[in-house]
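J.: Residue numbers (the numbering used here), protein chains in the order written: chain A, 1 to 173; chain B, 1001 to 1144.
Simulated from the structure, these hints should not be mistaken for lab results.
These figures come from a predicted structure and were not determined experimentally.
Think of the CB as a built atom: it goes at the ideal place given N, C-alpha and C, for glycine as much as any other residue.
Be a bit skeptical, because a hint or two may be false.
As the list claims (entries may be wrong) - Here are some of the chain B residues that sit facing chain A, going by a computed Cβ distance under 8 Å:
(1) Leu1017
(2) His1019
(3) Glu1043
(4) Asp1044
(5) Gly1047
(6) Asp1048
(7) Pro1049
(8) His1055
(9) Gly1056
(10) Ala1058
(11) Ser1060
(12) Leu1062
(13) Ala1082
(14) Leu1084
(15) Asn1085
(16) Ile1088
To be verified - Some residues of chain A that are not near chain B, with every Cβ distance over 10 Å (derived):
(17) Pro8
(18) Arg16
(19) Gly41
(20) Ser91
(21) Ile94
(22) Arg129
Unchecked claim - Derived list of chain A stretches under chain B, where covered just means 3 residues or more per stretch with a C-beta under 8 Å from a C-beta of chain B:
(23) 17-31
(24) 49-62
Letter by letter, the chains look like this.
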Amino acid sequence: MARRRPEPVQVVKERRDAALAALVGGVPYIRRLGVQFDRRGDELTAVLPFADRLIGNPVLPALHGGAIAAFLEISAIVELAWSGLWHEIESGRISMDDLRAGRLPKLPKTIDLTTDFLRSGLPRDAYARARVNRSGRRYASVHVEAWQDNRDRPFAQATGHFLMPLSAEETDG
Amino acid sequence: MSRPSLDQIAEAFVLALPHAKDLGMRLVALNDGHAELAMPWDEDLVGDPSSGVIHGGAVSALIDTTCGAAVMSHPENGGDTATLNLRIDYMRPARPGETLLARATCFHVTQTVAFVRADAVDGDPEHPVATASAAFTFQRRITG
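Working from the sequences, and respecting the hints, build out all of it.
T.: Below, the structure is given as structure tokens:
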């Protein structure tokens, strides 16, 4: 049996980038905070570009704790949604047409989030990566770490629990 | 010198915190370790465009700011403060279009740590949108 030729790299990249853009672009607060996502294969890094409006303590100056907590929460939710969406995209269950029409699964809902502030946030860009520690049909637990200049010196971390959206079959049934 | 009015303190407080100002927060009450801040609903703060519900991150920012204000207003406070830990439980989605009010009480301080409890309510104050507990750095005022 002849092996199927792999798809051209541009097609694969275009589909994955479109999926990520559809996931993130629809949320006003993500845009308002200015959070962007860097994708390498299925790995996501959230980026919070520095802006004066993110300052909480103008004397130091330091990033606002609330902005940091929001950044971590966004990173966790997007990672969780992305890890589910990835399989839907790669298997073809969600097509480019679905993405263009905004037909995406709903985002998980935060049940609780515990944020540890390890150092003050410097007035420069911040990065975060989240890890899904457990993802069940209803509940998920996600850990996220944020750093600035040095990956080994996180300035904040958070653990949260999330309620997964009902799948299409569950909603229909 | 006369004591500044609550309005003056409130204005100075929010103007001093660019991120609080950016999200449209307003100081409603502040005294002796208790603070209340309001944040009007805004399209830009929405986390779920299909329902118009505010993003948890924006609620976190409001609660964190309110907790910090409660610590700063504690009678024994002698310095600046920063969040050490913040835990937020989300009870239910905030109602679209309604102003959120966060209420925080700094209920215990040591020489170095302040403990705070808070909640956030919309038009239905009996059923909070979120509750929170937090620890902040603290510098107890030197007296005597």
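J.: If a hint holds in the structure, say so; if it does not, say that too.
T.: How the hints compare with the structure:
no. : hint    : result
1   : Leu1017 : 6 Å, holds
2   : His1019 : 4 Å, holds
3   : Glu1043 : 6 Å, holds
4   : Asp1044 : 4 Å, holds
5   : Gly1047 : 5 Å, holds
6   : Asp1048 : 7 Å, holds
7   : Pro1049 : 6 Å, holds
8   : His1055 : 4 Å, holds
9   : Gly1056 : 4 Å, holds
10  : Ala1058 : 6 Å, holds
11  : Ser1060 : 4 Å, holds
12  : Leu1062 : 7 Å, holds
13  : Ala1082 : 6 Å, holds
14  : Leu1084 : 6 Å, holds
15  : Asn1085 : 5 Å, holds
16  : Ile1088 : 5 Å, holds
17  : Pro8    : 33 Å, holds
18  : Arg16   : 22 Å, holds
19  : Gly41   : 26 Å, holds
20  : Ser91   : 25 Å, holds
21  : Ile94   : 17 Å, holds
22  : Arg129  : 17 Å, holds
23  : 17-31   : holds (count 6)
24  : 49-62   : holds (count 9)
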